[in-house]
Structures are given as structure tokens and as C-alpha cells.
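> Produce the complete structure using the sequences and hints provided.
The listed protein sequences derive, respectively, from chains S, W and H.
Here the first sequence stands for residues 12 to 282, where the numbers follow this note's numbering.
Here the second sequence stands for residues 6 to 306, where the numbers follow this note's numbering.
Here the third sequence stands for residues 102 to 485, where the numbers follow this note's numbering.
Worth double-checking, as some hints may not be accurate.
In the DSS-like style, the derived pairs of lysine-lysine whose C-alpha atoms are separated by at most 25 angstroms in a straight line are [said to hold, decoys possible]:
id	chain 1	residue 1	chain 2	residue 2
1	H	242	H	219
2	H	203	H	219
3	H	251	H	203
4	S	269	H	259
5	H	203	S	269
6	H	242	H	296
A few chain S residues that face chain H, going by a derived Cβ cut-off under 8 angstroms, partial list only [unchecked claim]:
id	residue
7	28
8	175
9	178
10	181
11	182
12	197
To list a few chain H residues with every Cβ distance to chain S over 10 angstroms, as calculated [said to hold, decoys possible]:
id	residue
13	134
14	194
15	205
16	237
17	378
18	466
To be clear, the hints were calculated from the coordinates, so they are not data collected in a lab.
Please read these numbers as outputs of a predicted model, since none were measured by experiment.
Don't be surprised by glycine CBs; every beta carbon is placed ideally from N, CA and C.
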Amino acid sequence: MTSRAPAGEWVFRAVCAIILFFLLFPTLLVVPMSLSPSDYLKFPPAGLSLRWYEAYLSDPDWLDATLFSVQIAAITTVVSTVIGTMASMALVRGRFLGREFVSALLLAPLIVPHIVVAIAVYLQFAPLGLTGTRLGFVLVHTALAVPYVVLVVSAALQRVPPSLEMAGLNLGAGRFRCFLEVTLPLAAPAILAGALFAFLASFDETVVSFFISGVEHKTVTRKLMEDIEFNLSPVIAAASTIFVVATVGLMWLGDAVKNLANRRPQAATPP
Amino acid sequence: MSATVAAPGLAPARTANAGATSHRGQMPTWLALALLAPLALLLAWVFFLPIVRLLLTSITEPTLNIANYRRLLSEPRYAEVIFRTLWIALLATIATLTLAYPVAVLMARPRSWVSNVAAVCVMVPLWTSVLIRSYAWIILLDRNGIINQWLSAAGLIQQPLTMLYTSGAVLMAMTHVLLPFMILPVFSALRSISPDLPRAARNLGAGPVRVFFSVTLPLSLPGVFAGCLIVFVMSLGFYITPALVGGPRTLMIATLIGQQATELLNWPFAGAIAFVLLALSLGITACFKRLLQLDKVVAHD
Amino acid sequence: MEPVDLGVTAVLDAPVRAGAPARAIPTRGLSVGIADVWKTYGAVTAVGGVSLEARAGEFVSLLGPSGSGKTTLLMMLAGFEQPQSGRITVGDRDITRVPPNKRDIAMVFQRYALFPHKTVAENIAFPLRMRGVGRAERDRKVQDALEMVKLPGYAERKPAELSGGQQQRVALARAIVFDPPVILMDEPLGALDKKLRQHMQIELKQLQQRLGATVIYVTHDQEEALTMSDRVAVMDGGSLMQLGPPRELYDAPANAFVADFLGEMNFVPGTLASAADGLYTVNAEGGRVQAANAQALRPGDAVRVAVRPEAVTVDRNAGPGLQGRITHMVFNGATLSMLVELRDGATLRATVGTRSDSAEMRPGDAVSLTWPARDAHTFPAETG
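In C-alpha cells, the structure reads:
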């Protein structure tokens, strides 16, 4: 790279700057919008006001929906992390016919469009009275979130040398003990990262939640969709900002934890 | 004094335990299956079964027939929806590729504050929910929205432009939402190119433009194809953005499904459309995968 | 196999530099029996009908090239692979079907397999915890083990902070801390540099003799096997080629593979002429030679005569033996190697001391090669 950048380089940088602005501006637009004191959408906002945050925090509908989403996400996280980790162990350490095929099937929820899942699950749940219930939401959100856990945890497990588990067995630990003492601590960062991604997958999930929400129980994403369509007001911006900050914060944490897992020496390899 | 065995004799009669049960201390099969069971059962009941039932509904109501499919593919307004979706998906793919490539190149450069900033600019939108980003486009494109306010404040327009609820709006918003999904695979491919290769090319006399077209671009193609596949298939099944930013006159496949299911309660028809969407998504994925293998083979020549 | 008083023999055969004192036959270890064990993977036979027995307290090496089945055999001893047929015993106990965590056999892995998230002390204490040993006794034993591997004070370190040699010792300490009667080692010194490896070979051997445990040691390095073992089991292609003390394998190989695998060996092709007094006379190109009979052969058979380079006498005068011309001379420090090209184009290698008379020769000299008949062995010619 020459130290004197040619003209083409400056054009390149300008183009990139525009594209990055295009990426970032709409994303962060909700933040200044939420601080606007006026009723209608105006940018730049004339002054700063927290009234829309107050509106959000004092509106029982919003709070109910938020609480509901958090509850669902929390339960989903626990369930999907547990069964996702179990499945990852089986996929990475097990040997059985059709392992590759099963692995591909388990990742299917990532590929199928959510709209298909939404109406299919609605048809399945409605006659059973599961629509709008916590159980129903947790079931379907878990199905959608587990692939993230499986991806992250499987990758980490593959980096744990089987000889460590063999050493554990050789020294007298039973299989479960081995998992607890040897495998789990080494996979813990990845499991944590997987749990974070599962939480966010559930909390941000919009399409399926929209279709299986009931009148009494709806997720915050459903409420957002409804209000955007019928009740456009800057409260939405306030709620969105809170979620963006929380989401980005958690995602950044998950990424940092995942990188920590990658950098940690998986085994003291001989130099 | 010492035992000497020169060559093995005939195979002895095998005992009952013919066939090893475990390999190098790995998990026995029964345990692996037991660990998989909860997830498998969940997915079977919550995911696969409902989808199969939906597809069956599309061909069995009231009796075994394919009327729904015939209707979908023959009636012009539905054919129009499918065509529009494919067209927008194609345009979105091209648009995201065009915008993604320069950014990916920037990110793939040796670590500096610039590539870090670029990374943040890509990751933050990626982590922000599609819902919120689509909402931002409503704020921007609405008749009383921000862009109109600026344009009229600058005196460029007399009347507010109608941008929202058009195909153009959907395309713009989808491009924005999907851009990170194109950037990441291309970036990944670019980063995996050994820095020695462009250096070798320069050493052998190639100028920077030549280096790009004969070294960098071809080696980045796997990432380009992966990104195109991801973006195209995601565009096909997209619901949120077309639902919010598009309108009844810009129906796409996903929003059509939603409309048929919830407004018109025509589940069998919705199921048929869903099946077509699934078939399109999986089919294109399969085609692309084969193309990717072919590409690798060609690269070896 | 005839039982041999191995305790004394092992000590006498051990290298002098190990400095181990002669003592009574060790009692802590148990014998290891492998009886007609088979292991196949589909069409491939990894281990085909191998039988051998390691006596209590013995150091036995499984030596062979990669693919010889030595590692598979070790894995079956550890319980990570199951033989299709055959029996494995430790002492009086049949452990063929016993799971790997219940065998009470220790294993030192090739890449040490230290738990990276646990400290050195926690690693070493692990088998004691599994056996329910109390805290105080655990700590004491861990300290003892660390002293024995010469790493006192390293208890609180993490494996990543240690060098390769130190990690290897920790792996060893972890294996011996619970007094196992049998220790398996899977090429534990492979990742170390040469000097360190030689040093560790001595230490390992000393440790083993001190503990009295039976050791089964897998290696592809024949020098290592010869240096450390009481007996060596040479394997190739899943079969046991020969089992015996290092000296015996070296001086009296039972087949051409063992002859070739250990040390350097010359092979002279020829036809068997006659047999008498346990000696074969062979017609080789360029002369008639004599060699001991290692295997039953008949006159007229195509054979090869195996003779060590150091057994070959090089004579400047034309005389009995094989005639040839020196093509290269290689200076090895203490020895000199001469490559002699015979009349038929074959090459023979002769090694002499740097200070011997033969060292005065030069490339191009015409020489004749002889050797004591009993120091050479006759094997069938290579088939195929």
C-alpha cells in the first residue's frame, strides 16, 4: 500500500462512507425520534424530551406485552439451551446412521420462512387451544431458537479434543461425570453465547408471534406491528430504542463471550 | 526364550461380540439417540408435522385435488404476486451485492480503526430487529415522513412524494435490511484470500485494477454466491418488511399467505402458496449448492 | 514362552547410565495378558490374532510403523476399543468387557490430554477424586507425585503455562498418583525435541522401576524401544512379528521385517547352496557366504542374507568373501560408514570404528567383505 492514496482510493472511501451511512442511519433513527417532544415524526427533532419513554413505562398494554415477551424468551432460553446442548453432544460425539442428515434436519428452522411456520403452527395449535398461551409460545420459539444453540455449541465441542474425555474416562470418571468436569467447563462460553442468541431469537421473533398471539397475551413484537399499522406514534420509537439498546448490548456481549471461547486454549497442545 | 509369530493364522471363530460398540471412547449409539430425542420430538411435533399438515390441507380440501395450485398459478393476480416477489428478490440481490462488495473490501483490509468502524456499522443493523428497521423506513418514507420534510424544506418538491406502500419502497427497505447478510459472506471470502496472492501478482507486474479482477474477484466468488443465495431466498419468504412498508397493492408471496390465512381464512389456499414458497426456497438452495460445487471444480482447472 | 527371571535380567539389560540399583523382583505391578485378540474395521484387519504377555513390573514396548496395529492394541487395553474376539487380562481379572473407567489402568496420551481449565494439582488429583480419596490424603499424594516427576511447586499452574516437557511430566504424575498396577503410554515423548526426549527416556525408566508398575509403551522409534524396554513386541500389519528382549531382537531377528526394522541391516540376495551345522551356505553374486539359519529353508530357495554393518570386516586384500569397491565414506564421529559397491551392482554398508585400521581406506579402493557366519541370518527372498 503506498502512503499517498491515489484518487481512486478516495472515491472508494467516499462510496463506502455513503453505504455505511445508509446502513447505520435508518437503524439508529429510532433513537433521536424517541427523544422528540412533538407528536408527529420530525427529524431532526426540535428539542429533547423523555415524554415518550414515560408514556411507554406508564402504559399497561406495553408493559404487559414486554413482560410477556421477556418471560417467553427466558423460558425459551433455558429449554433450548439444555436440549440444544444435549443434541450437540450427540451430534459431535455420537456415531449413528444418518448423522449428517439429522444434523441438516435440525437446522431446518433456520431455512424455512417464518410465515410458513406461522400459519402451519397456528393450524396445529388453534384446535388445541395453544394459541396465545405461554406454553404454545415457548414450544414454537424453542423450535426456532435451538438451531442457534446447536450451531454455536457444536462448533465449540468440535474444538475440544476427544482425548480429554478419554483421559477423564481412563482416570475413573463415569460418562456423566466426565461431561460435567471436562466437557462442560470447556464448552461453557459457547453455551452461554448460544443462550444469548436464543434469548434474542425469541424476543425479536415477529412473524410467528404475530400469528399465534391471542387477545389476552401478545408479545411485544406483535404490539409493535399493530401499533405501527394502526397507531403510529413516537411511543413506538421509545420502545424500539429500549429494545435496540438492550439487543445490541446483549448481542455484543454474546459475541465477546464467543470470541473468548475461541481464543481460550482448548487443550494445552505440545509446542 | 521368545515367542515368534511370523504370520497370522486363519481367522478364529468369532464370539458373540462381533462388531465394536464404541469407537475410541465416543458415545454409544443409544446414548446419542437419547440425547437427541427431546429436540427431535419437539421439532417433529412443532415444526415438521404442522408443515406437513399444512401442505396436506392444501391438497385435500375438500377432497384430494390440486385446485388450489391451479388457481395460484393461473389467476393473473396471484401469478403477478409471484412474479413481483421473484423480481424484487432478484433486484434486492443485485442491489445488496453492489453495495456490499465495496464495504466487504473495506472490512477485509488489515485491522485498523476504519475496518473496525465498518464492522460496527454492519453488526449493529444485523443485531437490530427487522421490525424496528422496517419501522424506520416508514418514518423515512411516509408522506409526512422525514425525507418528504427535507425535500420540501429544501424547496425541491411542491407536494409530498408518495414513496411508502410502493414496490420501490419495499425494495429499498429490503435492500437495507438484507445488506448485512450479503456483506458477511463476501467479507469472509475476501478475508480468507492469502495476502501473498495479491503481492505475488503485483510482483509479477499486475497493476491494482488487474490484481482485483484476476486475483481478488475470482477468489471471492464463493462468498458472493453464498451471499446471493442467502439474500435471494430470504427475500422470497420475507414478511415483515413487505407487510409494513408495502401495501395491499404490492403483495408479495409471504404477505399474500398472511392475507389468505387471517383475513380470508382460506387455509388450504394459504397452504398451497406456502408449499410453492417452500419448494422455491429449497429448490433454489439445492440448485445453488450444486453450482457452488461446480464452481469449486472449475477453479481447480 | 518359558518363564524367565525377568527382574534381574531387566536390571542387567537396562542401560548403565540409568543407574538403577539391582533389587528384588517388583511386586506392585500386575501382569497383562493379551490372548488371540482380533480387531477389524470392515475389510481392514487392524489387529490379527495377537497374543502376548507382559509380566508384572515389566516394561514392554509395542514397536512398529504406523498402521502396524500397536495403537489399536493399546486402545483395546485401555478399553476405548472392543476386540471382536480374544481376551484381555490384568493379573487374574478378565477385563475384556470392562468399561474404560473401571479398569484401573492408567494411560498417558500422546498429546498429554491435560484438562486445560484445571490447575496442575487439580489434574493430578482427578483420579483420586474419582476414587473417593479424602482431601488431606489427596493433597499429600499430589505433592508426592509432583516430587516424583521433579515438578514440586508447580501445583497451582495451568497447563497452558507449562512447556511441553513439563506438561508431559504432569500427565505422568496424573497417571501414577493412584498407584495403578498397569500404565499404558501412547508415544508420550513424540512431541519433544531430541535432547529432551533422551533425557525423559531415562527418567521414565527410572520412575517405572521405582514404582514397579507394568508399562506397555507404544512407539515407532526403535531406538527408544531398545533403550527403555525389558522386552519389545515388534508389530507389522496387525501381527506380532517378534517378542523378546532388545538384545535378542537385535542379534537374532526371527524374520526379515524385524531384521530390517531395528538398526541398520544389509541384505545380500542369493540362492541357498547347502546346510550344515546350523549354518547355511549361500551363493551370492560375487561370492559364497555363510550365515546362520533363522528360518527353515531348502537348498535352491531364493534367499537373502542379513548382516549388520558393524559385523562386516573390510579387507584391502582380495580374499574370501564378497568383492567390491568403496564408493563413499561417511564420517559419523565415533564411527565410519563405508558404502561398498559389489560386482553385481548391489551396495553393502560396513561400519568401522574411526580408530580402526580400516579407517585408512579411501573411496575407490578394492576390498573384500567378510563376517562371522553366526552373526548373519538367512531369510527368504522378498516375495512380490
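> Would the pair residue 242 of chain H and residue 296 of chain H pass a check requiring their Cα atoms to be no farther apart than 25 angstroms?
At roughly 30 angstroms apart (the allowed maximum being 25 angstroms), residue 296 of chain H and residue 242 of chain H break the hint.
> If you draw a straight line from the CA of residue 269 of chain S to the CA of residue 259 of chain H, is it 25 angstroms or shorter?
Since the Cα atoms of residue 269 of chain S and residue 259 of chain H sit roughly 22 angstroms apart, the hinted pair holds (cutoff 25 angstroms).
> Do the numbers back the hint for residue 181 of chain S, that is, is its least Cβ distance to chain H under 8 angstroms?
holds, 5 angstroms
> For the pair supplied as a hint, residue 242 of chain H and residue 219 of chain H, is the alpha-carbon distance within the 25 angstroms limit?
Holds, at about 17 angstroms.
> Need the status of pair residue 203 of chain H, residue 269 of chain S: alpha-carbon distance at most 25 angstroms?
violated, 36 angstroms
> Examine each Cβ of chain S, and state whether all of them lie more than 10 angstroms from the Cβ of residue 194 of chain H.
Check passes; 16 angstroms lies beyond 10 angstroms.
> Are the Cα atoms of residue 203 of chain H and residue 219 of chain H separated by 25 angstroms or less?
Between residue 203 of chain H and residue 219 of chain H the Cα gap is close to 23 angstroms, so the pair holds against 25 angstroms.
> With chain H as the partner, please determine if residue 182 of chain S meets the hint condition of a C-beta pair closer than 8 angstroms.
holds, 4 angstroms
> Quick one: work out the minimum CB distance from residue 237 of chain H to chain S and report holds if it exceeds 10 angstroms, violated otherwise.
Nearest chain S Cβ is 20 angstroms from residue 237 of chain H, so the label holds.
> Interface hint check: residue 178 of chain S, Cβ to nearest Cβ on chain H, cutoff 8 angstroms. Holds or violated?
This hint holds: residue 178 of chain S lies near chain H, its Cβ roughly 4 angstroms from the closest one there, short of 8 angstroms.
> With the threshold set at 25 angstroms, check whether the alpha-carbon distance from residue 251 of chain H to residue 203 of chain H stays at or below it.
violated, 29 angstroms
> Quick check for students: does the CB of residue 134 of chain H sit more than 10 angstroms from each CB in chain S?
Non-interface label stands for residue 134 of chain H: nearest chain S Cβ at 20 angstroms, farther than 10 angstroms.
Of the hints listed earlier, those the structure fails to meet are numbers 3, 5, 6, 7 and 15, in rising order.
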